[in-house]
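Go by the hints and put chain B onto chain A.
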Amino acid sequence: SAVISQKPSRDICQRGTSLTIQCQVDSQVTMMFWYRQQPGQSLTLIATANQGSEATYESGFVIDKFPISRPNLTFSTLTVSNMSPEDSSIYLCSVLKIAGDGYNEQFFGPGTRLTVL
Amino acid sequence: AQSVTQLDSHVSVSEGTPVLLRCNYSSSYSPSLFWYVQHPNKGLQLLLKYTSAATLVKGINGFEAEFKKSETSFHLTKPSAHMSDAAEYFCVVSSTTGTASKLTFGTGTRLQVTL
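Protein chains in written order, with the working numbering: chain A, 80 to 196; chain B, 465 to 579.
So here's chain B without its partners, still in its complex pose:
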C-alpha cells in the first residue's frame, strides 16, 4: 500500500521569498516520487521526479525537492517565489521504480504568491 500526505492545504508567500511545500509518503516498496503543478483551468505538468538516483532532484522553473528516506519526506522548495508560481501542487507516489503504472496523489497544496 502507498499513500501521500501533503501537510499544508494552503501556503501563502510574498514574491521573492522562499517556498516550502511539504510532503510525506508511505510505501511498501522503493518509491518513485513526483511533484505535479496545476495552474487554474490548465492541465497537470510534471515539475520533477525522484527515481532512486540522486536524492536532490532539480525540476523546472527553479523548483527542487530532496528525498529523505529516514524522514519519508519529499518536500518541494524554491529559493524565490514568482507570481507565476501561484497554482495547485500535488505530491505523487508510485510504488515501483521505473514502472509508474499507478499513481497515488496527495490532496494538493494551493500556493498563493502576494506582492
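Looking at chain A on its own, in the form it has when it is part of the complex:
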C-alpha cells in the first residue's frame, strides 16, 4: 500500500490569489496524479505529475492555471493559480503502486478542501 499525506488539509482563499498543495508519499512511486472533485461531483483527472519532466495535462486543464512540480519520486505540488470561486473543490493526490496480487492499484491522499471567496 501507500500512505499519502497532503498539506494543507483545507484552506479558504481570496479570489485572485494562488495556493500550493503538497503531496508526500511514504515510498518511491513512478506515477503520481492530481484529481479535482467539485462539490457534489465525481473525480476528474487534472494531470499526471512526471518526475524530471513537465506534467501531462488532461483536456480542459492547462499548466498556467495548475502548475505542477515533481522534484523526486516521493513528492509533488499542485498550484491553483489566480483562483476564482469556481476553483472551490477538493484536490486529491494519487499514486500508482503494484499491489500484492501483482496488479497496479491507485491510492489516494486525504484531499485538500479549497474554498475560494
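The reader is advised that the hints may include incorrect statements.
[What the hints assert, rightly or not] Under 10 Å between C-beta atoms, here's a sample of chain A residues computed to sit facing chain B:
(1) Q85
(2) K86
(3) Q120
(4) T127
(5) Q130
(6) G131
(7) S132
(8) D180
(9) F187
(10) G188
(11) L193
(12) T194
[Unchecked claim] Here are the computed distance ranges between Cβ atoms for each label pair:
(13) P87/A <-> S494/B: 38 to 46 Å
(14) F154/A <-> L579/B: 41 to 49 Å
(15) Y182/A <-> S478/B: 31 to 39 Å
Hints are computed from structural coordinates only; laboratory data are not their basis.
In this text the structure is predicted, and so the values were computed from the model without any measurement.
All C-beta atoms in this analysis are idealised placements derived from N, C-alpha and C, irrespective of residue type, glycine included.
Same frame as chain A, now just chain B:
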C-alpha cells in the same frame, strides 16, 4: 474510450437489508474495474477490484461485485447493510489490465442506511 455509468445517484436501505449499487461500463479494451468508497470528510478507499481473474470479486467489509461481460456490468452488493456503510461509492474503470494508469470515475452513488 472508456466510460462508467452509475445508474442510481442515491440509494436508501434499512439496516440489515441487502445493498445493490449498479454500475455499467464501456471500454474498448479488456477493462479493470474498481469500486471505491468515500466516507464524509475522508479520503477514497479501495473496496475491491476486478482484473480479469475470477468474475466474482470479494472486497472488504463484506462487499462483493460480479463482472458480467455480456451485460457490461459490475454491480456492487452486500447481503446486510450496516450503519457504517453510509457513504459515497464510486465505480471506476481502467482500460488496461494491470496498468491502471488512468482511471475514469462514475458520478457516484450515495448510500443511505436507515434504522
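Against the structure, the hints come out as follows:
Checking Q85/A against chain B by beta carbon gives a least distance of about 9 Å; that is within 10 Å, so the hint holds. The closest approach between the C-beta of K86/A and any C-beta of chain B is roughly 14 Å, which is over the 10 Å cut-off, so the hint fails. Interface hint at Q120/A: satisfied, since its Cβ lies 7 Å from the closest Cβ of chain B, which is below the 10 Å cut-off. Because the smallest distance between the Cβ of T127/A and any Cβ of chain B comes to about 8 Å, under 10 Å, the interface hint for this residue holds.
Against a cut-off of 10 Å between C-beta atoms, the interface hint on Q130/A is violated, since the closest Cβ of chain B lies about 15 Å away. Using the Cβ-Cβ criterion of 10 Å, the hint placing G131/A at the interface with chain B is not satisfied: the shortest such distance is roughly 17 Å. Checking S132/A against chain B by beta carbon gives a least distance of about 16 Å; that is not within 10 Å, so the hint is violated. Because the beta carbon of D180/A sits about 7 Å from the nearest beta carbon in chain B, less than 10 Å, this interface hint is met.
Checking F187/A against chain B by beta carbon gives a least distance of about 4 Å; that is within 10 Å, so the hint holds. Against a cut-off of 10 Å between C-beta atoms, the interface hint on G188/A holds, since the closest Cβ of chain B lies about 6 Å away. For L193/A, the suggested interface contact is broken, since its CB lies about 14 Å from the closest CB of chain B, more than 10 Å. Of the supplied interface hints, the one on T194/A is violated, with its beta-carbon coming no nearer than about 14 Å to a beta-carbon of chain B, more than 10 Å.
A hinted range of 38 to 46 Å holds for the C-beta pair P87/A and S494/B, which are about 40 Å apart. Range check, F154/A to L579/B: Cβ separation about 45 Å, and the 41 to 49 Å hint holds. A hinted range of 31 to 39 Å holds for the C-beta pair Y182/A and S478/B, which are about 36 Å apart.
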